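A.B. asks: Use the sequences and the hints to build the structure in full.
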Amino acid sequence: MVEDRRLGDAIAYVILTIGVLIVAFPVWLTFVASTWDNATIINGQLPLYPGPHFFDNYYRILFVGTSGSTREPVASMMLNSFVMAMTIALGKIFISVLSAYAIVYYRFPFRMAAFWIIFVTLMLPVEVRIFPTFKIVSDLGMLDSYQGLAVPLIASATGTLLFRQFFMTIPDELLEASKIDGAGPFKFFKDTVLPLSLTTIAALFVIQFIYGWNQYLWPLLITTKDSMQTIVIGIRKMITTSDALTEWQLAMATAMLAMLPPVFVVIAMQRLFVKGLVETEK
Amino acid sequence: MAQVTLNNVKKIYAGGVEAVKGVSFDIPDGGFCVLVGPSGCGKSTLLRMVAGLETISAGEVAIGSRVVNQVEPADRDIAMVFQNYALYPHMSVYDNMAYGLRNRGTPKDEIDKRVQEAARILAIEPFLQRRPRQLSGGQRQRVAMGRAIVRKPQVFLFDEPLSNLDAKLRVQMRVEIKKLQRALGVTAIYVTHDQVEAMTLSDKLVVMNGGQVEQIGVPSEVYRKPASRFVATFIGSPPMNLLPAKVDGHGIIALGDALLQARDLREDLATGTAVEVGLRPEDIEIASEGAAGSLPFDVEFIEELGATQLFHGQLAGKPFVMQAATGDVAAQAGRLWISVDPDKVHVFHAESGVRLGKA
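Going down the list, the protein sequences come from chains Z and F.
Note that our numbering has the first sequence beginning at 13, numbered continuously upward.
Note that our numbering has the second sequence beginning at 34, numbered continuously upward.
Some hints could be false.
Said to hold, decoys possible - Listed next, the in silico SDA-like pairs over lysine to any residue satisfying Cα-Cα at most 20 angstroms (straight line):
(1) F:201 <-> F:171
(2) F:141 <-> F:171
(3) Z:191 <-> F:81
(4) Z:191 <-> F:171
(5) Z:191 <-> F:162
No lab work stands behind these hints, which were simulated from the structure alone.
Computed from a predicted structure; not experimentally measured.
C.D. replies: In structure tokens, the structure reads:
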């Protein structure tokens, strides 16, 4: 039996290693490509180990920009992407936590109708409503602005649903105890519901930050100025060049940089998840 | 501290279901009132109406001299202990107790004084900085009590506070609750479905069934003179034996072939009136065979409870239980002759279940 288990473990590790290699190899290749000069890449002679141009490439892409169609340095693109993703994530959390609180804890006419209307919007992602949304944003003069980038994407039902489900697991007795303790609706929200929702908020933040960071179609439509473009758009523009060679080493460096903030958010929030899992009694 | 008065209180839910059908009683200042009944009898609803967590459909609830029907729970000067304790999981024990006082704007040093004092009374001082999930069930129960004490309310409300504890802890906490209530002198209303808790804790016992009050009285009176068949079987363990019988003259009941004296039987009943006779397992005595008023009891099996034994069997063709101190009666199956003190024979109307006692 012991032998069998060892064999089983070995097989599991082999499969796991193959899986990791398949997932990690393209990322490694991207990193390697971002550390060589363009000539090496274009020749098709890219080695599998990092080259000597790491600092040159990253300095140039962050603060100078490419020589092709996009001349903006990536630092400003990252700032744009970051502002957009943060606004979307925080905006969604703010709106959905409040709407879910209203739906779960208040009794008002058409409460369920309101809930179902929110629910139905799940079926209407940005791509489906893109034309009317664009029209509204352009009429409001929000093209080429942070508001234009973020606000239309804040409205969504996922967060409301998530918080509704969570709030319904909070025992009614806590609400009743709060009432007897003299806490009004807002105090109950602030002192009890919000602290208990911390892990749910963290989860939603991760999901929505990455969602916002990865947006492509919407920023492509409403930004025309180079100074407002996001990093995802930037990568795309670097790769298609009409009259010059694609500067692959810079495009690859941009891709690496584009990966960093979501990875950072996941790692940072994961600690909160674990903390939440250990501390929450459920 | 205050007396609590309920005047024809009703709860009618949307849809017409009447959960509480007009209940009136009052609890004197410092009294301990227990509402007892099977699940769904309306006892919790009644308590929640006193707390202000349910609206009152009709009637009046007054705390002290103030009618509180329209008063918010926080302003009723009550404190409630919930079945699942309802402690705030993200707050420390100290904050759990202090929260209500902070919301009222009590000065900080006063809060600290009261919390420390409550913690001392309840022996939870070492846990003040812990979170509720780091405590055992009994400790959480104490914190819930502490949260009620620090408020110095006029009325304590308990909603089955001991039902989540194990049997041993329940007995211990029961005693502590009673002691605490006595020491603080605060009026208390306590809801339970456990008749032992009800008997031991209350000064005033309210037995409820189907949204109505079946009987109100001091526990010993409810036990000695149950007002109805329901109360008779609900209070007392093991439950009272009920056997169909007929009235056979003044103070005499015919149970099969045997005649039984019942001293507390109404005298205006016609011979032949169908009744049910109630005999408590613990009131039964061994008689000699064929003695006047003795009944034949066929024992089928015996349950050992340690100090006492339960004899299960048949009497006049109906299931019957007798309780006797271990060793008093030979523990074997077979026929026993039994008798009951005429003072301890309960007679109920066969249909309505009302006690047919002297006025």
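A.B. asks: Indicate, hint by hint, whether the structure satisfies it.
C.D. replies: To see whether the hints hold, each was checked on the structure:
Between residue 201 of chain F and residue 171 of chain F the alpha-carbon distance is near 10 angstroms, which keeps this suggested pair within the 20 angstroms criterion. The hinted pair formed by residue 141 of chain F and residue 171 of chain F fails the criterion: a straight-line CA distance of about 28 angstroms is larger than 20 angstroms. A hinted pair counts as satisfied when its Cα atoms are at most 20 angstroms apart, and residue 191 of chain Z with residue 81 of chain F qualifies at roughly 12 angstroms. A threshold of 20 angstroms between alpha carbons decides the hint, and for residue 191 of chain Z with residue 171 of chain F the separation of about 24 angstroms lies outside it, so the pair is violated.
For the suggested pair residue 191 of chain Z and residue 162 of chain F, the alpha carbons sit about 24 angstroms apart, so the restraint of at most 20 angstroms is broken.
This entry does not satisfy hints 2, 4, 5, going by the numbered hints stated previously.
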